[in-house]
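Work out the full structure, taking the sequences as your base and the hints as a guide.
Each residue of the sequence shown is one higher than the one before, counting from 179 in the numbering used here.
Heads up, a few of these hints could be off.
Mimicking DSS-like on lysine-lysine, the simulated pairs with C-alpha atoms at most 27 Å apart in a straight line are [unchecked claim]:
id: 1; residue 1: Lys238; residue 2: Lys349
id: 2; residue 1: Lys692; residue 2: Lys706
id: 3; residue 1: Lys464; residue 2: Lys594
id: 4; residue 1: Lys750; residue 2: Lys594
id: 5; residue 1: Lys464; residue 2: Lys474
id: 6; residue 1: Lys629; residue 2: Lys750
id: 7; residue 1: Lys575; residue 2: Lys475
id: 8; residue 1: Lys575; residue 2: Lys747
id: 9; residue 1: Lys238; residue 2: Lys403
id: 10; residue 1: Lys475; residue 2: Lys464
id: 11; residue 1: Lys692; residue 2: Lys563
id: 12; residue 1: Lys475; residue 2: Lys901
Hints are computed from structural coordinates only; laboratory data are not their basis.
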Amino acid sequence: MTTRDMEIEGDLELLIPVAEIPQNAKCRTPSSSSTVGSSSHRLSGLEAISKVVRSWASKKFMTGCVILLPIAVTFYITWGFVHFVDGFFSPVYDHLGINIFGKYNIAGLGFATSITFIFLVGIFMSSWLGASVLTIGEWFIKKMPLVSYIYSSSKQISAAISPDQTTNAFKEVAIIRHPRIGEYAFGFITSTVILQRSMGEEELCCVYVPTNHLYVGDIFLISTKDILRPNLSVREGIEIIISGGMSVPQIMTTKDAQTIPAARLFKYPSSKMASSALICDTQPWKNLKAHVEDIKKTHLRDLLSDTERCNSMMVEFDGIVLDYSRQQATVDTVDKLYNLAEAAHLQEKIHRMFNGERINSTENRSVLHVALRAPRNAVINSDGKNVVPDVWNVLDKIKEFSERVRNGSWVGATGKPLTNVIAIGIGGSFLGPLFVHTALQTDPEASRFAKGRQLQFLANVDPIDVAKNIAGLSPETTLVVVVSKTFTTAETMLNARTLRAWISKELGPSAVAKHMVAVSTNLTLVEKFGIDPNNAFAFWDWVGGRYSVCSAVGVLPLSLQYGFSIVEKFLKGASSIDQHFSSASFEKIFLENQAASGTFRFVERMECFISWISCKSHLTLLPSLGEICPHIQQVSMESNGKGVSIDGVPLPFETGEIDFGEPGTNGQHSFYQLIHQGRVIPCDFIGVVKSQQPVYLEDALAYGKTAEQLQKENVQQHLIPHKTFSGNRPSLCILLSSLDAYRIGQLLAIYEHRVAVQGFIWGINSFDQWGVELGKSLATQVRKQLNASRTKGEPVEGFNFSTTTMLTRYLEESSDVPADPQTLLPRI
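If you want it as structure tokens, here you go:
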């Protein structure tokens, strides 16, 4: 008998309502060292009989209590009311010599009679006849005004421990997050329900949360995965409610045996985290703002002449050199930035993220992309559970599958090896993996592993773009990876259906299972699509799309192209930054890692915090880093383009920035003119030691060129204003020792943490994207209108004048476009 079985048996003996679990059901049994040893000992016959008798007597007595409680309460209140009314008439009865209620009260006789009566009622009411009598009696009571309300209220209290309420039983004790983030409520799981939505099915638990010891409470529908299940029996849970929390154990464990300090069941330990004050209202912000006005008067030429200052602003960590001496910053600037970070509780917020707390408050999710690249033996908890083993289970599955595809053990429907991979995704499922793939192409080791293979990414739903991606490819040697967590993303699924039709047309519908795999958690839709659920690779809701490169989203296609050993080096590089970020002292994090990650651009970042600079450029002469700009663009702009604080308070300053860039000398011949003489745009220069990356651009932006210098060069007077460069334009240089898988992982993590810390300082939620969701909603509305107009001839309505006019014009000019989306590809 398991620990859970013994808890249930004990609860049933005390007539606590606990759902019985079928013997063939799989129990969620916690690991326990307190296994009851009594099952290994045989009781003597006399002891066994005694136990049965005691159990039987206890049950019958409790049954009597349950039945008589509402009756007794009803009788007591009614009898008191009768006595109250009787006070007006009793003098009349006394005068007549009539004694209706008696006057004798033998001490102890009433108590003994009550015990006997309760016991006999328990025996009688347990029978079919007693139950029938009770039903008839209740019917009469419910017909009586006032009395019926008294009886019903008192019965609700006793029903909580009734042995006959198995259909509405308390199944388990539950802890849910309520009413605010960081606070928890105690309740009981009463039932489960499957919620069916367009995005798939979700299992919900009905959780009853008593709000007082009389069991008055609220009902909540909570996702099963969001419920904490403590190692408490229902009886113990009821005791906690009735005692007002006085019987809560000092240490409480969940069903997965993860320890949860009792104090954390109600609020986070740091009261400072509950503060909703805006960062701009703090004194460090005001001090920094005043300091910015002063530092603006000092030109970078003068700051760069201070050798000691410059030397202090060059730092190195694990093969990465950072030079932020070309920022308009002094030692005093660093101190004031440190004070600002302290006022924003930066260190606490970093720890909360790594501890798996649900810092994404609007979606009630943890933010644990760092767990995706954590070492196998690491411990990173989410809801009391170490998620690292789950991550490595998926990584091991990817390793095994990718090796089979690469060595020819897994072949296509015609027996040919699959040497071409097309990854279908959009947003974070596309931009991040594309950046890593492009960067790895110049790594000699990665290039050697990728020889004879081809990896392409498909995001755009334009049929011509789809046709270009598959041009020259054969379905016989092509493997398609469909990346969609819910398997309902409109753009991704349209492209997936198109390629499914392409494969089916050439090889037959049965070939889909051999030529298509999925990165998704919705196995039902994956199977309906035609993909074997065993070939679906999972990721979790604590992984945001733009932070998902290190999950199966990026690891699977990259492993198929380069081999898992190369991708594992990439993960280790990202993990090295994570570990430094989370374990170094706050001063070291602030001065090195955060500076390296661009979190504090010093004066640039100060100005960005105070809303004076809204653009930033990422510049590199390496074509292999060409896709880092779009990736950073999404990570930064989607994360920090917010208008309210994490508490929903409108911000009196702007957040976010416009990120852009271009690799190689393309930028030199497009937007560098603006950077030199137009708007002040701080720049990140990313270089590699072994490349031919020049360093003159940083100096040109910092020093500029004065009119005096031009005069000495005998430049014509009328051209001097045009050739003068003011300089004083801040930049930051990140120098990598080489561009291999490990360094690419470091670079990825650096910018991820930069964005997170920037959001922590501003006090915003960097991990939701409601603007993206709005765009999806509006697009759905337009798509439905276009379909209705084409198929049913319905006029365009429900939009403003401008949109109505444009949609009508589009429909008129595209009348020959078929109503239903086609998966046929154009010829190119």
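Now for the hints, and whether the structure bears them out:
| no. | hint | in the structure |
| --- | --- | --- |
| 1 | Lys238 / Lys349 | holds, 23 Å |
| 2 | Lys692 / Lys706 | holds, 15 Å |
| 3 | Lys464 / Lys594 | violated, 67 Å |
| 4 | Lys750 / Lys594 | violated, 34 Å |
| 5 | Lys464 / Lys474 | holds, 16 Å |
| 6 | Lys629 / Lys750 | holds, 23 Å |
| 7 | Lys575 / Lys475 | violated, 58 Å |
| 8 | Lys575 / Lys747 | holds, 17 Å |
| 9 | Lys238 / Lys403 | violated, 39 Å |
| 10 | Lys475 / Lys464 | holds, 18 Å |
| 11 | Lys692 / Lys563 | violated, 35 Å |
| 12 | Lys475 / Lys901 | holds, 23 Å |
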